[in-house]
Every structure is written in C-alpha cells, then in structure tokens.
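**Q** For reference, the chains in residue letters:
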Amino acid sequence: MHLGMPVRLLPKARHLAVADLLEPIRVAAPFLSGVTVSGGEATMQAPFVRALFGAIKADPELARLTCFVDTNGDASTATWDLLGDVMDAAMVDLKCLDPARHVSLTGSDNTRTLRSIETLQGRGQLYEVRLLIVPGFNDDDELLTETARWLADLDPGMRVRIIGFRRHGIRPTAVPLREPSAAERAHYGDIVRSIADLQVTVV
Amino acid sequence: MHMSQFVADAEAIVTSGAIGYDQKVRRLAGLATSALPYPALSPACQEALDKRVTCDMFEGNRPFTPRYVLPDYAKALRHGVRHLELDPPQDLDDALSFLTILYGHVPSVTTYPVYLGDLDALLEPFVPADMSDDDLDRRLRRFWVQLDRLLPDAFVHTNLGPADGRVVRSIFRVERSLRQVVPNITLKVDPQVTPDSLIEDGVETVFATGKPHFVNHPMMVGDHGPAYAAVSCYNSLKIGGGSHTLVRLNLKEAAVRQAGGLEEFLAQGLPLWVELTAELMAARITSLVEDQAFFEHHFLATEGLIDLDRFSAMFGIFGLAECVAEILAHDGIHNARYGHDEVANAAAYRIVERIAELVAARQLPYCGGGNGAAYLHSQGGIDLDVGVTAGTRIPVRDEPSMREHITVCAPHHRHFAAGISDIFHVDETAVRNPQAMVDIIKGAFAVGMRDFTFNLADNEFIRITGYLVRKSDLVEIDTVGARHGSDYLAAGSERTFHLTERAVKRVGAHELDPRPRR
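Top to bottom, those sequences are chains A and B. In terms of our numbering, the first sequence opens at residue 2 and continues consecutively. In terms of our numbering, the second sequence opens at residue 3 and continues consecutively.
None of these hints come from the bench; they were simulated from the model. Where is the CB? At the ideal position from N, CA and C, for every residue including glycine. Just so you know, not all the hints are guaranteed correct.
To give an idea of the interface, some chain B residues facing chain A are shown, with a C-beta separation under 8 Å as derived from the structure [said to hold, decoys possible]:
1) Arg405
2) Gln437
3) Gly445
4) Val449
Construct all of the structure, not just a fragment, from the sequences and the given hints.
**A** Next up, the structure:
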C-alpha cells in the first residue's frame, strides 16, 4: 500500500500491491469474518482501498468477508461515492462535535467528519461512531449530551463506542494529556445513554 | 515397597496438617494399592517403566476401577438405577437429585466422577415451558454449588451443546455468576448446528471463569460416533464406555536413547517404545478386567450403564518438542525449534504420524471401543515433568502468534481421538471483541483442530493440563491446604512449569503477533 505520508515520518511504511495483501488475507481467512482497513487514514488511499475491497469481493474464496473502513471521517463525499459499492460499512471517529474545540484538539475542522457521518448513515453504511474522550478537553457533560442528541437525531439506535484516551504511543504535548479513570469512563457512558436508546459500549 | 517405607508414607499422610480428612482417606487408599504386587511385566517393559520412559501415571499397582468411566446417564434417567433404589425421575428437581446421588457412586482414578453427563441434553426434557428463566437459574445454581462442594475436584467434567437450548444458556449464566472451579465444561461445536451466539456465550463465560473448553463436534463424531464426551481434562471417549488406563510414552527420553537420527527413530526406535508402552497397557487392562473383575461386579456394568465393548485405553505421548530437538541434533541439525522452524515441524508431523500408525496396528485386550486398539492421546503433563513439554505442545513462553500456532498444531489433531490440548492465552483486547474469538474457534476447527482452549491472561482462573484452578487457592496451599484435591497437583505444576507465563496472544486483528520480531 502506498501510504500518503513521507516515508521518514512512517519508518515502517512499505509499498504494496493489492496482490501482496490478498495473500496474507487468504492465509488468515479461516479465522476472520471480515477485513478492516485503518491507518493512518485509509481514505487518503481511497483508490487503493477500492481496488483491494473489489479484489476481495471478486475472489470466490474471500467474497464472504465483510470489508470495513476505520476512518476519522475527514473525507469528501466523492471518497464515499468511490468506495460505496465495495465497502460494507465504516467506523467513524468523532473527536469533538464542537467545531472550535475540534480545531484546537486536532488542528483541523470537523465539517467533513460530520458530513461523512450523515452521508454514511443515510446510505446504511455507518457501522458505528467512536468518541475518543480526553479529560479536560472534550469530556464535559454538556458536550457529551449535545453529541448524543446529534447522533440520536440521525439514528436513535446508532452504535456508539466511547473510547477513553490512552497515553500509549502518544508523542509528548505541551499540556500533558491524562487518561480517564474507570469511573470517568462509566460516567461518559451514563450521560450518552441517558439521552437516547443508543447502543453504547465503553472501553 | 518395604514395610518401613509404607509405614513412613502412611504416617506422613495421617499426621499432615495441610490435607483434609477426605484427601487423607483417598491417599491412604492409593498407598495401599502401591503396596500390592504389580502385574507381571517383561524385563524390558519393567526397565522402561522404572526409568520413566513409559509412565503409568501412578494409577496404582493393581487397578480396581477403569481410569475414566462415562456412564450412560440418559439410560439411567429413563430406567432408574436398581442398585441405588432410584426410580426414573418425574420432574427437574427429581432429576437433579437423582444425578447428584448417582455421581456419588461413579468410580474413576481420581475417586470422583470425571463425567457428569451432557447436562443440557439430559435436563432439557425436564424443563417445563412455563418455568421462568429465573426459576431455572435458581435451581441450576443450587445444583452447581452442590457439585463444587460435594465433588471438589477440577477433573469433574460436564459437556454441553452442540444444540442451543434453555439449559445450556442457563448453565452459562450460572457459571458466570458463581465462578467456581467445578465442574470443568466442554462446549461441543458443530458449525452447522451451533449458533454463533451460543459460541459467543461460551466465549463470554471463558472471560469470567476460564471455561468452557471447545471441541470440534463433527471430528469427534467421526472418531467415536455421536455418543462421546470430553471428560477429566481433554479426554474424549465413548459414552457408556471409557478408558481402562492411561499409559504415556516420554518422547524426549525415547529420543535420548536413540543411537541414530530421525530415520532410525522412525524405523527402529518408535516400534520398540510403542511395543513396550502397549505391553504395560495390556498388563494393566488384563489385571483390571480379569483379576479385579471390575466389569463383573460393579452395578454400572451389571445394570448396563457402561459396556465393556465401549471401553478402550489411552496411549499418551508427551515431550514432542524436546524429542524433535534431540533427534534432529543426532542428524547434525542444531537449534531447530518445533513451532518455529519448518524442519522441526516436518519432523514432528512424521513422528506423530508414525506413532499413530503403530498404535492403531497394535491390538490390545478389551479395547473394543477403539476397534481393538488404544486411542492416541496428547498427554497434558503432570507436575513431575521437569524439562519436558506437555503432549505435542509448543513449549510454554515459546509459542508463536495465534494463527501460526494454530497452523502448526492443527495437523496433529486428527490423530488424537482421545484428545489433544493446545492452550492459547489471549490478552484483554479479546474481551472487547468476543466475536473475534468466535471466528478464531470456528477457523481453528475449519483447519482441522479437534480441541480448542483459551485463557484470558491475568484471569483468576488458570488451566493446568486441562483442569482449572483459581490462583488465589494456590497461595497458602503449603500451610493451610486446599478444598479441591486438584489444587495440590496445580501448585506443583505452577512451580514447575510457570504456566501463567504462556505467551499472550492478542485477538485484535491489527497485529498477528504482539511481540517484537525476534
């Protein structure tokens, strides 16, 4: 796979063709129900993902596998159009519903992420929305309530996975980021569940 | 045994502060049979036993019960048991009481019943449609507590599945809430019959209690017919039958004594060792059936709840990993590791295939259940096996990634009708994705595995050879003792083998191997 970042930033990056990936997938297939591409950001390689998923769907041995994309949602509608007929569904990270805070947290705007969630939901291709929660940044009750309302308006039975931030593998930051406690994580779940009958999982 | 030794051993048992009354009685009985003369053996067979190249599992010098007995409980429930003055039960409470009584009279080498029946199939007809799940859970919970307290031994084993039903679901709920050592549980899995949701329920139960163990139902039915069960730890045998004895061959010791390399071992060494092992089995079986005449006297046999024709014996092997390294070294191939190197894996397959062929060809007395021969068994080890890996396993802490591990082990499984265990430790990521474990279990069976067991790393429950213990029960065992007899075996195994250090596997699909490349 050609990764969309300079190689020096990703020392493990390698160039691979679709055929190179089909082989390990074939070996692991008896133990799998599906294939999920993640990243980095897999949608930055959308033509490759399309080719890979297309090859899986066309292979009689592999066609039973589902094809999922794990994405931050920062992709255009054209990207979802491109993947639409070969992708079963996507899991989308929503870092923050509030645009201003999203910029301060990630350095970019969340307009495309919100639109991706709406688009995929409308097409029946949204598997779940994942909320990554960092204490002190996006964990206040008000924001969680607002987020739950927005998601429930789209689909009251939506699958929502609440993921507590983990320090493992994170670069140092000016303001140190903290992992939420088990009690805090449980509280996030309670807030979201109190708004609507969403299918909430807390990890 | 000299009288002075006998007295000293008996003294140590009766004066021990660390074992309870019940276990003292059982150990004194074991001591008594070791004072009786052993069945006659040829000098070569005797020497192999004395040097522990072959091993009789310390079953005792004069077997007076088969090692494993699998009564036909369904028949008992239909017809009652005259010897125990039990009429066929009429309702669920009757049935639970009936079985509890019967269990108290089922012999085995452990002195406890190693098989409790396929409890879901046995009990389902006694559950009326109008009984609520709460009511069912309450009754089975009471029954489960009785089993653990009356039969305190982790080799006591029940089977469930492959079909779904109210009882199997209730048993899993009860298991998760009680978190007991007893009973050990096997879930029979048939991909055509067992719904994924039931396998997943089993997986969730493993997260809580380390049970059940999963077996490939179609493969078992192919070897034993539909009336089979996994009992004790990973011993798959015929219902209404069982195994007279388990004798095992230490492949490491056999390899050490081999003058040549792999070809000589296959051509000359293995036929010799298989014959010496079989001779020991034949002597023990004949002693049990003819001299002690178990089947002529015991009510299970005289009332037709077991049938001699459904018995065979278990031919165990262990130490394959060390055997391969040793025998390849004789050929000048050093440092080839079973589980990691092609040349070692290929040698391992040839050795096991050769043993399977020899064992199937060696007729043994009273082994009608195995068409006249023994069942091959990959023996899970005992706490005396220092420096020898259990069965055909890859050594603890040296296991490769889950998929490679399954791929290496799977080709062995078809040979072991009486069971084979490869235990996988998975980390806590599995808890978030139980469906992934369902996929792995079904995948393992699809590539030819017979038995599949996994443990959650850091679980309170750990698997020893196939039976379970709670880590907390081992802490003070030397000073205050333990309630379950099997805990004493486990304490020895944990000290000897560091079983809690099995290489942990991640279930998340992101990496096939969590450890840095070596």
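**Q** Indicate, hint by hint, whether the structure satisfies it.
**A** Quick rundown of the hints versus the structure:
1. Taking 8 Å as the C-beta cut-off, the interface hint given for Arg405(B) holds, the closest approach to chain A being about 6 Å.
2. About 7 Å separates the beta-carbon of Gln437(B) from the nearest beta-carbon of chain A, less than 8 Å, and the hint is met.
3. Restraint check, Gly445(B) versus chain A: the minimum CB separation of about 3 Å is within 8 Å; hint holds.
4. At about 5 Å, the closest approach between the beta carbon of Val449(B) and any beta carbon in chain A falls short of 8 Å, and the interface hint on this residue holds.
Of the numbered hints given earlier, the model fails none.
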